[in-house]
Amino acid sequence: MADILLTRRQLLGRAIGAASGLAAAGAAAGAAGWAAWLVRKRRPPRTFGDPAPPANPHVREAAYWKTACLGVQCELCPFQCFLPEGGRGLCRVRMNTGGRLMTLVHSHPVSVHIDPIEKKPVFHLLPGSLIYSLAAAGCNLRCSFCQNWEISQAFPEEADRKAVIPRELRILSVYGGMAQARVVSDEAGTLPPEEVVKAARATHCKSIAYTYSEPVVFYEYVRDVAALAKKAGLRNVMVTAGYINPKPLAELAPLFDVIKVDLKGFDEGFYRRMVGGELRFVLRTLVELRRLKAFCEVVNLVVPTLNDDPAQIKEMCAWVAANMGADTPVFFSRFHPQYKAQNIPPTPVETLTLARDLGMKAGLRYVYVGNVPGHPGENTYCPKCKAVMVRRQGYAILENRISPGGRCPNDGTRIPGIWG
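Under the working numbering, the letters of the sequence shown match residues 1 to 420, in that order.
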């Protein structure tokens with residue numbers, strides 16, 4: 001199935017190539033032929049695209065777009081896709097319908113779970129608490145090692161709906177940080193913002209996570225849920241690759257207590273080849289979040305042979321310390337073979353330990369090892385007295401000595417985060 005989209009670079013390139021033909025054929029005929037060529041013959045299924053918004057609760061007018069030549073231009077992320085009538089962006093979930101840019105996934109998650117907050121991973125927000133987690137289909141990047149590719153690399157009408165989409169979750173038990181729940185599903189697959197907040201509160205979740213795929217591409221749904229959650233006294237967590245433009249980011253950031261950014265590597269060539277984006281835009285997002293005073297945690301999935309070069313890890317840690325501050329929590333997480341990278345073995349634990357050591361030497365105070373249960377790098381330490389403040393075993397919290405006000409009980413050192 002082909003995406004119907006044009007980035008700015010593609011549009012300009014094809015416009016130049018077609019210029020001589022347009023001149024010869026005449027302006028009117030040439031423009032009409034070019035428009036037909038832009039739309040292409042092969043369209044993705046129009047399950048969500050054709051109905052008017054009142055007929056389909058998942059289709060809403062999108063934020064951040066403008067009318068452009070022969071279509072519309074999306075202004076949500078750095079790709080800034082040009083879309084002819086019927087065209088979709090790289091994300092697959094934003095579509096030009098009748099000259100308006102529409103989101104196809106409002107109130108339509110394809111994955112909803114109750115998780116321990118440590119699973120995100122987020123370590124500096126209410127350790128040991130439950131977090132209501134949801135995702136819609138789609139992503140604006142193309143990571144070859146994506147851990148959730150079944151939903152992130154799918155059209156909304158293709159996304160796996162075998163997992164029930166619940167309106168109501170009832171907790172039966174919690175063991176080792178993992179919740180068991182009885183699910184009452186909504187067969188329409190619709191979960192409006194007010195129902196998300198209601199379900200989160202009913203299941204004793206203290207926060208809501210927008211996660212698994214890429215929350216940037218279901219921006220309007222995230223914004224609407226997060227605003228209601230904040231009013232209801234719930235915390236908001238966004239797990240994102242950070243591929244977003246500054247203006248929409250500035251609107252969204254104040255709604256969030258933690259924004260966890262996946263910094264996938266520290267090399268432009270790696271980002272272009274393996275991620276399908278540009279590192280500079282992610283770094284721009286991180287700098288902007290610092291300016292907006294948003295609390296960030298940064299995660300680097302360490303993939304053997306792709307982004308595990310110690311020199312690059314050292315450079316990345318130095319950049320984070322200098323541009324985001326030494327108190328920024330940084331995770332080095334273990335890779336497991338997925339998607340197009342199934343020929344790559346899991347990350348050696350020694351590589352993760354080395355990465356953590358490099359981060360600490362770069363001046364970062366809170367550097368973690370992820371996806372290795374029992375590793376000392378799972379724990380939170382006081383940067384002054386070096387005592388364990390939060391002791392973890394996988395997703396379970398074995399000990400939490402940080403005061404509700406966020407201080408070490410030994411010497412009063414402030415530990416950044418929300419602890420009670």
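Wrong hints could be hidden among the right ones.
To be verified - Below, in silico cross-link-like pairs of lysine-lysine (BS3-like), each with a Cα-Cα straight-line distance of 27 Å or less:
hint : residue 1 : residue 2
1    : K361      : K340
2    : K230      : K340
3    : K119      : K340
4    : K230      : K206
5    : K66       : K119
6    : K231      : K206
7    : K340      : K198
Calculated from the structure, these hints are not laboratory results.
The model shown is predicted, which means the values in this text are computed figures rather than measured ones.
Holds or violated: K231 and K206, Cα atoms, limit 27 Å.
Measuring from Cα to Cα gives roughly 13 Å; hence the hint holds.
Does K66 pair with K119 here, judged by a C-alpha cut-off of 27 Å?
38 Å, violated
So if I understand the rule, the pair passes when the alpha-carbon distance is 27 Å or less; does K230 with K340 pass?
38 Å, violated
Can the restraint linking K119 and K340 be considered satisfied, given a maximum Cα separation of 27 Å?
23 Å, holds
Tell me if the straight-line CA distance from K340 to K198 falls inside 27 Å.
Answer violated: K340 to K198 is near 38 Å, above 27 Å.
Given the hinted pair K361 and K340, is their alpha-carbon gap at most 27 Å?
34 Å, violated
Does the alpha-carbon distance linking K230 and K206 stay inside the 27 Å limit?
11 Å, holds
The structure fails hints 1, 2, 5, 7 (numbered hints given earlier, in ascending order).
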